[in-house]
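Visitor: In case you want the letters, here they are:
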Amino acid sequence: MTAAISAQSLHRTFGETVALNNLTFSVPEASILAVVGPDGAGKTTLLRILAGILNADSGTVQISGDDYSHIFESKKADIGYMPQRFGLYEDLTVQENIDFFADLFSVKGEQRRTRVQRLLQFSRMDPFTDRLAGKLSGGMKQKLGLACALIHNPKILLLDEPTNGVDPVSRREFWRLLYDLNRDGTTIVISSSYMDEAERASRFLLLHKGNIITEGEPAQIRANFHQAVYELTPEDARVAKEKLNSDSPFLSISLFGKSLHIAANREMQLERVTEAISSKGVSVESLREIIPSFEDIYIGLSQEH
Amino acid sequence: MNANRIWAIARKETLQILRDHRSLILAFLLPITLIFLFGYAITLDIRQIPAVVVDYSNSTHSRELIRKFTNSGYFVEIERTADQDRATELVDRSKAKVAIVIPVDFANQLTTGTAEIQLLTDGSDANTTQSVVGYASLIIAEYNSASIARQSGGRLSLSPVTLETRFWFNPDLDSQNFLVPGLISLIMTILGSLLISLTIAREWERGTMELLISTPIKPLELAVGKVIPYYIIGIVDLFLAAYVGIVIFEVPFHGSLWLLFLFSSLFLMAVLANGYLISVVAKSQQLAFQLSMLTSFLPGFLLSGFLFPISSMPVPIQIVSYVIPGRYFIEVLRSLFLKGSGLELLYLQGVALLFFAVVFSLLATRKFRKTIQ
Chain A
1 MTAAISAQSL
11 HRTFGETVAL
21 NNLTFSVPEA
31 SILAVVGPDG
41 AGKTTLLRIL
51 AGILNADSGT
61 VQISGDDYSH
71 IFESKKADIG
81 YMPQRFGLYE
91 DLTVQENIDF
101 FADLFSVKGE
111 QRRTRVQRLL
121 QFSRMDPFTD
131 RLAGKLSGGM
141 KQKLGLACAL
151 IHNPKILLLD
161 EPTNGVDPVS
171 RREFWRLLYD
181 LNRDGTTIVI
191 SSSYMDEAER
201 ASRFLLLHKG
211 NIITEGEPAQ
221 IRANFHQAVY
231 ELTPEDARVA
241 KEKLNSDSPF
251 LSISLFGKSL
261 HIAANREMQL
271 ERVTEAISSK
281 GVSVESLREI
291 IPSFEDIYIG
301 LSQEH
Chain B
1 MNANRIWAIA
11 RKETLQILRD
21 HRSLILAFLL
31 PITLIFLFGY
41 AITLDIRQIP
51 AVVVDYSNST
61 HSRELIRKFT
71 NSGYFVEIER
81 TADQDRATEL
91 VDRSKAKVAI
101 VIPVDFANQL
111 TTGTAEIQLL
121 TDGSDANTTQ
131 SVVGYASLII
141 AEYNSASIAR
151 QSGGRLSLSP
161 VTLETRFWFN
171 PDLDSQNFLV
181 PGLISLIMTI
191 LGSLLISLTI
201 AREWERGTME
211 LLISTPIKPL
221 ELAVGKVIPY
231 YIIGIVDLFL
241 AAYVGIVIFE
251 VPFHGSLWLL
261 FLFSSLFLMA
271 VLANGYLISV
281 VAKSQQLAFQ
291 LSMLTSFLPG
301 FLLSGFLFPI
311 SSMPVPIQIV
321 SYVIPGRYFI
331 EVLRSLFLKG
341 SGLELLYLQG
351 VALLFFAVVF
361 SLLATRKFRK
371 TIQ
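Those protein sequence lines, which keep their order, are chains A and B. Numbered per this note's numbering, the first sequence spans residues 1 to 305. Numbered per this note's numbering, the second sequence spans residues 1 to 373.
It is worth saying that the hints were derived from the structure and are not from the lab. Bear in mind the structure is a predicted one, so any value in this text is a computation, not a measurement. No residue lacks a Cβ here, since even glycine has one placed at the ideal position from N, Cα and C. Do not rely on the hints blindly, as some may be mistaken.
Between beta-carbon pairs, the in silico distance windows are [to be verified]:
1) A:N55 / B:P316: 38 to 46 Å
2) B:R366 / A:Q117: 35 to 43 Å
3) B:T371 / A:Y179: 31 to 39 Å
Distance condition first, Cα-Cα at most 27 Å in a straight line; then the derived BS3-like pairs of lysine-lysine [claimed, not checked]:
4) A:K108 / B:K218
5) B:K370 / B:K283
6) B:K283 / A:K141
7) A:K135 / A:K155
8) A:K155 / B:K370
9) A:K108 / B:K370
10) B:K218 / B:K367
11) A:K135 / B:K283
12) A:K241 / A:K258
13) A:K155 / B:K218
14) B:K370 / A:K141
Residues from chain A shown here face chain B by an in silico Cβ test under 8 Å; the list is partial [stated by the list, open to error]:
15) E73
16) L92
17) D103
Bound conformation, chain A alone (with noise of 0.2 Å):
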C-alpha cells in the first residue's frame, strides 16, 4: 500500500520549546489517522506543517510519494485543510463562502454544480444557502468548513480539532460524513483532544509534548499495551486516592469521575493489587479488572515516555 503522506523526521521549535521532535511517520491511502494528544501536545503545528503553510525547521513530507517542500503550491491543490479557528468568512453568506472556494481552486461549470448541490445535501446546508456564516451554530460552522475544504475534491484532508465544543448530535453526524468521503477513498488526518475520538479512526497517532508515544490500528495499540488497569469506586475517590498516592506501588492511579483507574504491571496479579489497595486502608469491595480505554492507554503511555 502506497502512503498518501509520509513524513521523515520532522522537527520544529519555537524559542525553546520543541513542538514537534523529529516526528517520522506515514498515512496509508483511504485512511482515516487521529493525532490526538491534550492541548500542546504540537498537533496544530503538525497540521500546518502538513497543509504546507508553516515550515518545519528540518525534515520532509511526501504527499503521494512527491517531496512537498519542492512543489509546495502545485500540491495544495490535492489537501483540503480545516483549521481549527473558524476560517471562513462571517460576513459572507453560506452560498458565497462556498463560491469563493470553488473560484479559487478553479472549480468550474458543469462540475461546479453538481458538486456543490452533492456538498450542500450532504451536509444538510441547502437550507440556509442564504445565511451568513457568522450566524451559524458551532456545528454548522464546522459542516460548512468542511463542505469549503471539499469544494476541489482534494485527495488528502487535514481537519485540526473539527468537533471541538460541538455537540455530541452534530460530532456524530459530522464522522458520519467523514466516513462518507472516506468510503470514496479520501485520506483524512483529523486531530482531537477527545481520546474516544481515536477509537472512531482506522489508525491513531498519539503526541505527547512533541514526541509520538504509539501510533497504528486501534485493535493493534491496544493489544500491545502491556499494563492492566483496574476500575475502584470507593466512597470518597479523592481521599482514596490520595492513600493510595503515598508510596505507591502502581504504575499510575487516574480519576474517572467518582471512580478510580489504577494501571499496573500484567506481572502484578489481582491478589497482590487487592492487598496492595486493602493496606493502604481502602476498601478493595469494588475492584474489578477492566479493558483499558484509550485514555487509560493514553496516561499510561504517556508516562512511560
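We have chain A already, so just place chain B on it with the hints.
Guide: Only chain B this time, still in chain A's reference frame:
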C-alpha cells in the same frame, strides 16, 4: 496569474466592503464631507477683520482714513471708543483683531509733514496679523497718494510708478481653486492608505488568512484581487470630488479628463500599494491604522504642498517631500484644473508616480509570506 482566483478575491472583498458600514462611510461619505468642509467652511482668504477704532483726532482727515479702512471690505468697525484701555481689552479678548489708534494731533501733523497712526494687532494669530499689516499698508499708501494729489491740485503724485498685479490661472486668488484640486489627492491618500491597510491585517486577526494561504493562491493574485475594489472606489471618488468641485464650487477645469484619469490611476496605485505594504507588515488592524496615518496621511497633508507651499519649507523638509507621492500628484492636479497643462509638461511627475507605484507593489508582494511565522 490565474484570473479565476483574482476574480474570487475581488468579488469577496467587494461583498465585504458593501456589508461593512464603516468602510462605506469612509469610502463615500468622507470625501463629500471633506470637499464641503474645505469648500465652504475653511477659507484661507481673510476678510471682514473686526477692528476697534480709537479716534482722538476726530477730524475730517481722521474720519476719511477710517472710512478707507471700512470701505475696503477687509475691516469691519465693531466699536468706536475714546478710551485706549477699552481698545486694548477688546484685542486681548480677541473680540477685535486690530485696534486703529489715531492721535489727537493727526490733522495738524498731516499738514506740517508726517503723521503717525498706531495699529495694535494680536500677534498670537500670526496669519491674521500678517494680513492686517498688509492690507493696512495698502490702504494707507492709497490714502497718501490721494491726499498728495489733492493738496497739489493734481500735479504731484507720491507714486510715479504703480504696480499692476495680474494673478495668472487664479485671477481672484480664490482659495477654493487652490484647495479643491489638492483635496482630491488628500481624499485618495486617506482611502488608499486607511481602507486597504486594514484588509490583510483583518484576515490575520480573524483567522481567515490561515485558510486562504492553504489554497493555491499566489501572493500577486491576492494583491491584485484585493486592490481592484479599492481602485474602483478611488476612481469613483475622483470623479465625484471633481464634479462637486467644478459644479458647486465653480473651480475651473482646463485640462483633459483622460489625463486626470491616467494620473489619478498612477497615484492610486502608489497609495494602494503603500497601504497594502503596511497591511502585510502590520498584522494587526490597530498597528496598520497607526502606520498608515503616520506614513501616508500626515505627510500627504502637511508635506505635499496641499496647504503649505513646499518652496517656503526648510531645505531638509523640502528634500523629504520628494519621496511623498502626493507632492507630484498635487502639482499635476493644480496644473490640470487651473492651467490646462498637457502631458508634455507633466511627464516627469508621471514618471515619479509610476516609480512609487512599482516600488511599493514589488515590496508588498515580496514581503507577503504564505506561511505562518
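Visitor: Compare the structure with each hint and give your call.
Guide: Now the hints, each set against the structure:
For A:N55 paired with B:P316, a C-beta distance near 43 Å keeps the hint of 38 to 46 Å intact. Checking the proposed 35 to 43 Å range against B:R366 and A:Q117 shows it holds: the Cβ atoms sit about 41 Å from each other. Against the hinted window of 31 to 39 Å, the Cβ-Cβ separation of B:T371 and A:Y179 comes to about 32 Å, which satisfies the hint. At most 27 Å may separate the alpha-carbon atoms for a hinted pair to count; A:K108 and B:K218 meet this at roughly 19 Å.
Between B:K370 and B:K283 the alpha-carbon distance is near 13 Å, which keeps this suggested pair within the 27 Å criterion. This hinted pair checks out: B:K283 and A:K141 have alpha carbons roughly 25 Å apart, not beyond 27 Å. Straight-line distance between C-alpha atoms of A:K135 and A:K155 comes to about 30 Å, which puts the hinted pair past the 27 Å bound. Using a Cα cut-off of 27 Å, the hinted pair A:K155 and B:K370 holds, with the two alpha carbons roughly 22 Å apart.
Among the hinted pairs, A:K108 with B:K370 is consistent with the structure: their alpha-carbon atoms are about 25 Å apart, no more than 27 Å. For a cut-off of 27 Å, the pair hint linking B:K218 to B:K367 stands: about 13 Å separates their Cα positions. Using a Cα cut-off of 27 Å, the hinted pair A:K135 and B:K283 holds, with the two alpha carbons roughly 26 Å apart. As the CA atoms of A:K241 and A:K258 are separated by approximately 11 Å, the hinted pair is consistent with the 27 Å bound.
As the CA atoms of A:K155 and B:K218 are separated by approximately 21 Å, the hinted pair is consistent with the 27 Å bound. Straight-line distance between C-alpha atoms of B:K370 and A:K141 comes to about 25 Å, which keeps the hinted pair within the 27 Å bound. Because the beta carbon of A:E73 sits about 6 Å from the nearest beta carbon in chain B, less than 8 Å, this interface hint is met. Among the interface hints, the one on A:L92 holds; its C-beta lies about 6 Å from the nearest C-beta in chain B, closer than the 8 Å criterion.
Because the smallest distance between the Cβ of A:D103 and any Cβ of chain B comes to about 3 Å, under 8 Å, the interface hint for this residue holds.
In this structure, the one hint that does not hold is number 7.
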